[in-house]
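Trainee: Take a look at the letters that make up each chain.
Number of protein chains: 2
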Amino acid sequence: MSKYGAYVKFTAKSGERQALADILLEAAAAAQTIADCEIYIINVSDDEPDAIWVTEVWSSAEAHQASLSQPETKESISRAMPLIAGVESIPVMPLGGKGL
Amino acid sequence: MSKYGAYVKFTAKSGERQALADILLEAAAAAQTIADCEIYIINVSDDEPDAIWVTEVWSSAEAHQASLSQPETKESISRAMPLIAGVESIPVMPLGGKGL
Chain A
1 MSKYGAYVKF TAKSGERQAL ADILLEAAAA AQTIADCEIY IINVSDDEPD
51 AIWVTEVWSS AEAHQASLSQ PETKESISRA MPLIAGVESI PVMPLGGKGL
Chain B
1 MSKYGAYVKF TAKSGERQAL ADILLEAAAA AQTIADCEIY IINVSDDEPD
51 AIWVTEVWSS AEAHQASLSQ PETKESISRA MPLIAGVESI PVMPLGGKGL
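These protein sequences, in sequence, are chains A and B.
Going by full-length UniProt numbering, the final residue of the first sequence carries number 100, and the count climbs one at a time with no gaps.
Going by full-length UniProt numbering, the final residue of the second sequence carries number 100, and the count climbs one at a time with no gaps.
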């Protein structure tokens, strides 16, 4: 089965980027125990003062989809939503390389 | 020192994506021994038939820059160049998360 990857760009409401990053970093800490979540890295961009990019790799698209219905995920999303102005995702399929 | 990350989108010339992916996967295999290169994952996109996305994380921007002047890197680039129609990069600064 193919792995599933994505670059997810969150645009925070003005002044809320750090608070949103903190919630995403908590979600990343919780992901340490989820075997199907292989990579979940929180990044900022110097060029885009309100942007947070999350690099995700999952064992499969199904595992990623299933994670969205977990109570912990829903709780994180509900806390993050008021801080978010927009979300865009670039889905990718990892072929291989260093760090997988 | 801050880590350096990037999502680098290579657009292959028509019909050349697999050949370009093979060169990038070879570069990723060579990166296994480069401690400053933490992540170098080769991805394709179902939505963009000529696109290859490379997810990179380096120990610092300086380490990434230094890698570009290595003979092995230059050799890979010279083999890849004839296959490439365009390159765009989204530089990011990793804050933390799973997989770093």
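The hints are simulated quantities; they were obtained by calculation from the structure and are not laboratory data.
Glycine is no exception: its CB is placed at the ideal position from the N, C-alpha and C atoms.
Please note: incorrect hints may appear among the correct ones.
Said to hold, decoys possible - Here are some, though not all, of the chain A residues that point toward chain B, as calculated from beta-carbon distances under 8 Å:
1. M1
2. Y7
3. V44
4. P71
Trainee: Going by Cβ atoms only, is A/Y7 closer than 8 Å to chain B?
Mentor: With Cβ-Cβ at 5 Å, under 8 Å, it holds.
Trainee: May I ask you to test the interface hint for A/M1 with respect to chain B, counting a Cβ-Cβ separation under 8 Å as satisfied?
Mentor: Violated, because the Cβ-Cβ distance from A/M1 to chain B comes to roughly 15 Å (cut-off 8 Å).
Trainee: Less than 8 Å between beta-carbons is the criterion; does A/P71 satisfy it with respect to chain B?
Mentor: It is violated, given that the least Cβ distance between A/P71 and chain B is near 19 Å, above 8 Å.
Trainee: Are A/V44 and chain B close enough, Cβ to Cβ, to be under 8 Å, as the hint says?
Mentor: holds, 5 Å
Hint compliance for this structure: hints 1 and 4 are not met, and every other hint is.
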